[in-house]
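**Student:** Using the hints provided, position chain B relative to the given structure of chain A.
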Amino acid sequence: MGCDMLAVLESSVVSNTLPCVTHWFEEWEQVLSRFRYDSELTRLNQTFEHPVQVGEVLWDVFQLAREAERTTNGLVTPTVLNAMIKAGYDRTFDELPLFTTPLPDSVETTAAPLTAIPFNEEERTITLPKGIGLDFGGVAKGWAAHQSMQRLQVEGPALIDAAGDIAISGPRANGGPWQIGVAEPFHKGEEIETLFLYKCGVATSGKDRRRWTRDGVFQHHIIDPFANQPAETDVLTVTVIAPDVMQAEAGAKAAFIQGSQAGLEWIEARPELAALFIRDDGQMIYSQKMEEYL
Amino acid sequence: MPGKPKTHKWNDVQTAIATVAIVSTLGLWNLFATPSKAKTVQASEPVQPPPTEPPVEAAAPTTIPYVKIMFTPGATQTTVVQQQVVQQVQQPTQKKKKRNNSGGSASVTQTKSS
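Heads up: the sequence lines are chains A and B, in that order. For the first sequence, the positions run 1 to 294 when my numbering is used. For the second sequence, the positions run 1001 to 1114 when my numbering is used.
The set of hints was computed from the structure by calculation and includes no laboratory data. Virtual Cβ for every residue (Gly too), placed ideally from N, Cα, C. Some clues are possibly wrong.
[Unchecked claim] Label-pair distances were calculated between CB atoms; the ranges are:
1) Gly1027(B) with Glu123(A): 49 to 57 Å
2) Ala1021(B) with Gly131(A): 41 to 49 Å
3) Thr1019(B) with Glu26(A): 45 to 53 Å
4) Glu26(A) with Val1020(B): 51 to 59 Å
5) Trp1029(B) with Tyr37(A): 51 to 59 Å
6) Glu190(A) with Gly1027(B): 36 to 44 Å
7) Lys1009(B) with Ile85(A): 54 to 62 Å
8) Ala1021(B) with Ile85(A): 52 to 60 Å
9) Gly131(A) with Asn1030(B): 33 to 41 Å
Next up, chain A with everything else stripped away, as it sits in the complex (with noise of 0.2 Å):
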């Protein structure tokens, strides 16, 4: 996933299921990495047109990826692989260079919908579509993060960050809250808010970190499966906090796609989440159910 990973249990006793985190995380990587070549996800991005028997863990995501899609009306999907790799992001952030090279337009103008793959739930087959590819992104981390804290909860009080997606099992063991900083993204290291938070998921979309220029066009990794190419919005970042992580990352993501205006009336339409927005200018934008969490 290529990104730091935090996990926290509290616990008056020494935990052997804490160090398991790692292992994890591991696995569920070498199942769901695009940037893996044998990754049952590359695996499955290669056979077109062909039922594809896939692991529990891929297709507990994909379910969950249909589930984010559905929510979001369609705004988070993962078949934005194609638009992604042509925006530049064809490797790990790490290995991607702030310029790249244009590629020839062959990107379809809108994704595909996950709809359009057609699946056997009784034989877990996934059959993807010529010309169409599969990248969880966020919604396989906030996945992770999920599982991960519910399987330590039961040794006691848990949180696990997943490179800023955040799954919070319940009250800290003093039955105090969870104190969380949004970063603040003018200044790398700092915060610019502080969250008191319980049972909940928290996340993180902006395009203030993942970013490059592609044959002299800003380019970032959230992409707009409408228009098949980096969302253009007004905001920088987005916190959202909803009821889990998963739900937390799908809602991020769509807020930031429609941009604050819109992006703040879909939140508020949707009474379990909360959101904070920083624009490009600076603004910072609240949403009513924020303000508990202050």
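**Tutor:** For chain B alone, coordinates are given in the frame of chain A:
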């Protein structure tokens, strides 16, 4: 002496074939070497270093055990650090009602775009 001119002709043919082969090799070499050179030039263009992300530090109070996992494309580069100490029972933290909190030193971790 019919044999000698024959050998001479054969030598000429061999020389001609060798010449054509060398010229073809050089031509193809040039053809395929050019794009690589272009790539090298592009790669060596001065670029700004990507913004480096400060490593995520376990800013949690030292009274809780934690594991820090560094994910990289290579599985073998995963690093794990664990600390295990006795947990202290504390009173619930009072919420601080303020905005634009730039201190943040007490935060367990940060949410940020990735």
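**Student:** Starting from the hint 49 to 57 Å, judge whether the C-beta atoms of Gly1027(B) and Glu123(A) obey it.
**Tutor:** With a Cβ separation near 54 Å, Gly1027(B) and Glu123(A) satisfy 49 to 57 Å, so the hint holds.
**Student:** Assuming the hint says 51 to 59 Å, is it satisfied by the Cβ distance from Trp1029(B) to Tyr37(A) or not?
**Tutor:** At roughly 30 Å between Cβ atoms, Tyr37(A) and Trp1029(B) fall outside 51 to 59 Å, so the hint is violated.
**Student:** Taking the CB of Glu26(A) and the CB of Val1020(B), does the distance hold inside 51 to 59 Å?
**Tutor:** Roughly 56 Å apart at Cβ, these two residues keep to the hinted range, so it holds.
**Student:** Taking 54 to 62 Å as the stated bounds, is the beta-carbon spacing between Lys1009(B) and Ile85(A) within them?
**Tutor:** holds, 58 Å
**Student:** Could you say whether the range 45 to 53 Å given as a hint is met by the Cβ separation of Thr1019(B) and Glu26(A)?
**Tutor:** violated, 58 Å
**Student:** Taking 52 to 60 Å as the stated bounds, is the beta-carbon spacing between Ala1021(B) and Ile85(A) within them?
**Tutor:** Distance hint for Ala1021(B), Ile85(A) is violated at roughly 40 Å.
**Student:** Please test the hint of 36 to 44 Å on the beta carbon pair from Glu190(A) and Gly1027(B).
**Tutor:** violated, 59 Å
**Student:** Please check whether Ala1021(B) and Gly131(A) have a Cβ separation lying inside 41 to 49 Å.
**Tutor:** holds, 43 Å
**Student:** Between Gly131(A) and Asn1030(B), does the beta-carbon spacing fit 33 to 41 Å?
**Tutor:** At 36 Å between Cβs, range holds.
Violation of the numbered hints given earlier is confined to hints 3, 5, 6 and 8; the remaining hints are satisfied by the structure.
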